[in-house]
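Asker: Residue-level listing of the chains:
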Amino acid sequence: MTLNNIWVFAQVANGAPTSATLELLTKARSLSSNVTAIIGGDGASAAALGEYGATKVYAINHGASLPGVAIAAALKSVIDGGDTPDLIMFPQNYEGRDVMSRLSVKLDKTVITNNVDITDGGDGVTVVTPIFGGNTLVSTTFTGAGPFLAAFRPKSFVAESAGGAAAAVTAVSVPDLGAAGAAQVTAVHVEETTGPKLDEADIVVSGGRGLGEAASYAMVEDLAKLLKGAPGASRAIVDAGWVPYSYQVGQTGKVVKPTIYLAAGISGATQHMVGMKGSKNIIAINKDKEAPIFGVADLGIVGDVHKVLPKLIEALKARG
Amino acid sequence: MRRGSRQKEGLEGAWVGYRGYLSVTMGDMNVIVCVKQIPDPAAPGALDGATNTLKRDGKLILDDSDAYGVEMALQLVDKAGGGEVSLVSMAPNGETSGLRTALAMGAAKGVLVSDPALQGSDALTTAKILAAAITRLGGADLIIGATESSDGYTGTVPEQIAELLGLPSVTFAKKVSVEGGVLKVDRQTENGYDEVTCALPALISVTAGVVEPRYPSFKGIMAAKSKPVEEVTASDLGITPVGWAGAGQKISSVTEAEARQAGEIIEDDGETFTKIVGFLENLKVI
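Residue numbers (this note's numbering), protein chains in the order written: chain A, 1 to 320; chain B, 1001 to 1286.
Think of the hints as simulated: they come from the structure by calculation, not from any bench.
Just so you know, nobody snuck in bad clues.
DSSO-like mimics (lysine-lysine), calculated; alpha carbons at most 27 Å apart, straight line:
no., chain 1, residue 1, chain 2, residue 2
1, B, Lys1284, A, Lys225
2, A, Lys225, B, Lys1275
3, B, Lys1275, A, Lys280
4, B, Lys1275, A, Lys317
5, A, Lys317, A, Lys257
6, B, Lys1284, A, Lys257
7, A, Lys307, B, Lys1275
8, A, Lys307, B, Lys1284
9, A, Lys287, A, Lys307
10, A, Lys287, A, Lys311
11, B, Lys1275, A, Lys228
12, B, Lys1284, A, Lys317
13, A, Lys197, B, Lys1174
14, A, Lys307, A, Lys225
15, B, Lys1284, A, Lys277
16, A, Lys280, A, Lys197
17, B, Lys1275, A, Lys311
All of these numbers come straight from a predicted model, not from anything done at the bench.
Take these sequences, add in the hints, and give me the full structure.
Answerer: Here you go:
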């Protein structure tokens, strides 16, 4: 089929579109010449969104309401008004999931999440989803009429500027949400981190349960700092409260594709592997030589992180 | 009961008793938790070659992700001083072993939607089924789900249920309390968290780690055997079509991903850190 009208759920952080937004816009413009970006807030980012392929921006100011319920309601009003997309692409993250969930009910359309690719062929629009920790790829084709709703994992596509002009901004107001709009944000807390961002760092050093106790995570942070990288974590130690959620690498955390990923005391559960298998080089240190992490490691050390890491840190410090 | 015993403690006890009285007048707290029964995640997953659905023919267990929601619900009801925790679940084969685990933790009853026609249902159909089951239970002050299941991880069902029931929702809750009939949630964000308040009734999805799930006691396990679980079909709830027919999507192919080649694996002899240094040198990062 022909995709005449694609919408991309766009997000802005610190005044600029997020990397996931630029990736989706790049893919969208390869599928259609008519790409609209949906943004919560105002149209201040229209120039950057246009540069990556959006020709139009719907700006939805949702105030203190959570974006999911408000933006979905606003989009439904646009669709009812006559602008019907064939496909809406969402980033696989908190707000993307909330908006697509609410909208799927309003439109009575299925959603397909966790995708890494999309094609538009003679048989229809097909998305690709990795399952079983990425060992198996499932291709799923939308049936029936659009709009098709699909969410994509970060780093599924490579963002490239199209050199496009600033997109035209249309403000869309949020309809009365009734009781469904009762949730209000009263305060925003940002957990400060220093050094490169986890999902953008060239080197990531992650720790897992093999560290034994929360205090040992300091070794992971030291090593990450020495390598000018970012510290990460497995879900196990995030759930245990050793480090904040923002450190988590994996299916329910960040997807990373650094040049070097060093996994210290991580066994390599499916949940974790999904988030780091795309790394260019993987170093793993783990006591259990049967650990699945060694199946993907370029260099695997079967040993105790408490013995290997201090020596490694010392050696790197000695180099200055 | 608690109020009576505290009031005997004198002046301070009377004050505590007054607080107890207040919480009683605010009413009971009834919570419904959406739980999923999944194949044991420790066993390798497999697809049924004929239908391309996840094989669910073995014993099903309570999804770990849902144990947090059950625990959260039990704590909120306990704090409110009255009310009960109910469960809704959907499974193709009448399986209740996972539900029994949640009942053994302390939930009072459950509705299980079990219907062979449910196999292949998409997330939206699942949400419609669970929303109808919630309505069958008469609704609740609070509905709790996990952020995503451990086997299918579509991650949209709780928010879809909220939309179907016309409820406000707060997803990715990492801290939850109810104060004076108002829900207060710390909601996880990309860079930290937001404080969110919301009137009840409402729906939340909770992250793993929001609370520490209790282990069922022996007494709880014995009691769970006789707790009521009503089994209904999709058509009992007035929902058609279900399964692949209602999904709006079809699987066109299943392929194996290109396997990553394993590299050099060595046993640590006290000097292997030099191997790592060498590896980093080769890549010109140090």
